[in-house]
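Novice: Which chain is which? The protein sequence lines are X and G, in order.
Using the numbering used here, read the first sequence as starting at 1 and increasing by one per residue.
Using the numbering used here, read the second sequence as starting at 391 and increasing by one per residue.
What the hints contain is simulated information worked out from the structure, not anything from laboratory work.
One thing to keep in mind: the hints can contain errors.
What the hints assert, rightly or not - 30 Å max Cα-Cα, derived DSS-like pairs, lysine-lysine:
#1 G:Lys588 to X:Lys168
#2 X:Lys169 to G:Lys559
#3 X:Lys318 to X:Lys372
Claimed, not checked - A few chain X positions that, by computed beta-carbon distances, are all more than 10 Å from chain G:
#4 Lys37
#5 Ala84
#6 Ala129
#7 Lys198
#8 Gly259
#9 Ser275
#10 Leu296
#11 Pro336
#12 Ser353
#13 Ala357
#14 Leu364
#15 Glu371
Because the structure is a prediction, the values reported are computed rather than measured.
Ideal placement from N, C-alpha and C gives every residue a C-beta, glycine not left out.
2 protein chains.
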Amino acid sequence: MKVMILGADGYLGWALSLRLMARGHDVVGVDNFATRKSVAEVGSDSAIPILGMEDRIKAAKDIHGFKMRFHEGDVTRYEFIHKALKEEKPDTVVHFAEQRSAPYSMINAQHAAYTMQNNIVGTINLIYAMMDVNPSMHVVKMATMGEYGTPNFDIPESAFVEVEINGKKDRITTPKFAGSWYHWTKVHDTNNLLLANKIWKTTVTNIFQGPVYGTRTKEITDEKLHTRCDFDEVWGTVVNRFAVEAVLGIPLTAYGAGGQIRGYLSLEDSVDALSLLIENPAQKGEHRTVNQFVELLSINEIAEIVKKAAKKEGIDAKIDHIENPRVEADKHYYNPEVKVLPGLGFRPKLKMSDLAAQLIADLLPYKARIEKFRDRIMPHTRWTRTENAR
Amino acid sequence: MKVMILGADGYLGWALSLRLMARGHDVVGVDNFATRKSVAEVGSDSAIPILGMEDRIKAAKDIHGFKMRFHEGDVTRYEFIHKALKEEKPDTVVHFAEQRSAPYSMINAQHAAYTMQNNIVGTINLIYAMMDVNPSMHVVKMATMGEYGTPNFDIPESAFVEVEINGKKDRITTPKFAGSWYHWTKVHDTNNLLLANKIWKTTVTNIFQGPVYGTRTKEITDEKLHTRCDFDEVWGTVVNRFAVEAVLGIPLTAYGAGGQIRGYLSLEDSVDALSLLIENPAQKGEHRTVNQFVELLSINEIAEIVKKAAKKEGIDAKIDHIENPRVEADKHYYNPEVKVLPGLGFRPKLKMSDLAAQLIADLLPYKARIEKFRDRIMPHTRWTRTENAR
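Between the sequences and the hints, there should be enough to build the whole structure, so can you do that?
Specialist: As structure tokens, this is what we get:
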């Protein structure tokens with residue numbers, strides 16, 4: 001199968017590129033290196049050094065014999081994405097080419113506007129270009145579980161749901177309430193994709209994924225093949241950030257009371273699930289909704305897992321509760337449905353408690369490198385401020 | 391009261407500027423003249439000639455003694471809107487500065503992306519600039535009844551609604567399903583405004599208005615004071631377009647079976663309602679939701695009203711049903727709640743049947759002018775096409 005990955009230089013994008021090539025697919029990468037630039041902009045860098053795109057493609061060839069083509073460009077430029085699709089004619093396009101940090105979107109007006117524009121226009125462009133080049137192309141779009149917020153109802157794996165409102169029944173889009181400009185861009189994308197599906201019968205898999213953690217997949221067997229690993233307050237997700245804090249010997253910083261529950265999965269399980277969804281596409285004209293995660297865990301549970309794993313590596317980690325920079329509930333109901341992936345044969349291989357020690361061990365050799373960015377870990381970006389110091 | 395109107399050069403913006411000045415308010419206009427340019431772009435023009443901004447401000451002074459200041463600029467440029475708010479320090483900002491045509495947004499990828507970017511970024515910029523200059527400023531935002539689509543439930547005048555989903559109760563944002571990229575930008579704005587209200591306690595009146603028709607308000611007493619009146623397939627709304635068709639002696643073109651019901655109101659009633667909402671602002675920190683229309687009418691009923699009115703002017707108008715260029719239900723339930731405006735004392739003055747003959751009479755002197763744009767009336771922009779001829 002020919003698969004084009006928009007955002008192939010990213011955390012998931014690079015790991016998925018390797019996995020799909022390992023499974024014999026023809027992979028074409030696309031990226032504008034926005035994440036590298038934006039991480040540098042906030043004074044940070046990947047905890048684990050990564051090669052440039054040309055070098056990592058060469059390494060994949062040298063080490064695994066993988067061949068990958070790459071187009072540098074920006075999906076928000078319609079001519080670019082149209083030309084890339086027309087030249088490559090992929091069967092499937094995986095769309096990861098979005099600004100993916102909630103705190104980055106909350107820095108100030110410019111960052112909010114950039115996130116809106118970048119994410120929404122990129123998705124609109126992809127849909128139009130795909131409709132022109134091959135209307136039956138399968139678009140695999142990264143949504144986020146964060147689109148739903150923390151509702152009191154069970155989050156179904158469906159774009160629409162039956163409800164009763166003041167005594168009248170109707171079918172509505174599954175309700176969402178996002179907690180940052182970034183998360184709202186994903187809701188806006190989902191809504192736009194539902195209109196495209198209604199008027200043009202687009203074939204889309206929209207993946208509501210929880211936070212991903214870890215540094216490894218089966219293909220990342222050499223340091224030349226590492227994917228990025230962010231840990232700073234803007235770009236790092238919680239598990240990787242806790243692991244870095246353990247490595248630096250500073251307290252694990254749980255935001256607020258730590259009762260916030262989300263659905264987590266490892267990088268290995270994420271690329272495994274994504275491969276299944278690519279190899280088992282949505283039906284023609286179907287807008288398929290998937291909830292993608294492995295374990296429901298609270299921040300406090302994660303902190304305990306990382307603390308325990310650190311002990312195995314000889315580190316005595318402390319847990320600090322600091323003021324939550326976000327506006328979010330830290331005691332709430334959370335019960336998303338997970339049926340689509342198990343139905344395709346998805347069997348998660350790793351739990352966080354299995355993987356946390358390896359994650360810390362992988363980061364330890366880079367302790368000196370990470371030390372340089374120590375001041376980038378504590379939260380500076382607050383939801384309640386409209387102008388945040390960077 | 392000092393009121394800044396973003397989009398003061400538009401159909402509603404100019405009429406509201408005159409009304410607020412007549413009521414003794416200090417009005418500051420802002421516009422980038424995007425509508426003038428975009429109407430010219432599709433080869434059309436206002437049915438009734440309008441003066442340039444400098445000349446219409448002069449005419450308002452000469453005729454009514456009104457004084458109005460004006461800033462030319464684009465709300466999508468943050469520095470511009472921030473500077474304008476900082477200089478003027480209005481009590482209220484009315485936000486009409488959005489691309490307002492559904493067909494325009496459906497022309498092709500570029501027009502879809504422009505509409506998304508323009509509308510969403512403008513609203514984000516306004517909120518950030520307002521938070522910096524004066525966080526308790528009252529923002530009066532033009533939303534649209536079109537955000538809801540045509541649901542089976544009664545559309546409440548509230549941002550949130552209680553529902554039951556698979557046996558679980560929750561409070562969700564009032565469900566929406568828009569029918570064009572343009573309409574979705576308004577939903578995206580509404581959602582973004584709800585996050586701003588949650589984290590920053592912004593004071594917003596979000597007005598879900600139905601289609602407006604007519605050429606007159608009490609202040610438009612001279613042809614130099616006319617507001618624009620669009621009639622082409624891209625920019626014209628249905629009533630004004632039917633009136634122009636009657637004037638040209640061509641059939642009134644009802645899209646599809648004509649059963650589509652919407653809530654309509656006259657220009658006079660619209661500026662009257664808007665004045666009430668400005669003079670009776672939302673509570674500090676309140677996100678107030680208002681449904682704004684006067685009559686629920688189907689396309690077929692409107693066609694009959696215009697046909698009857700045309701007869702009074704000696705015109706024998708025919709009604710043609712043509713293929714609907716949009717994707718929309720033409721038989722549906724429609725029952726929006728209207729309580730907020732009546733509670734503020736709003737009493738609609740005009741019904742469409744009272745006004746239609748005057749509308750036609752106002753357009754008749756411009757028949758020769760409108761003739762030139764005759765080929766711009768029939769729909770060329772189809773929802774099912776991704777690339778529309780202009």
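Novice: Which numbered hints are broken by the structure, listed smallest first?
Specialist: 6 and 7
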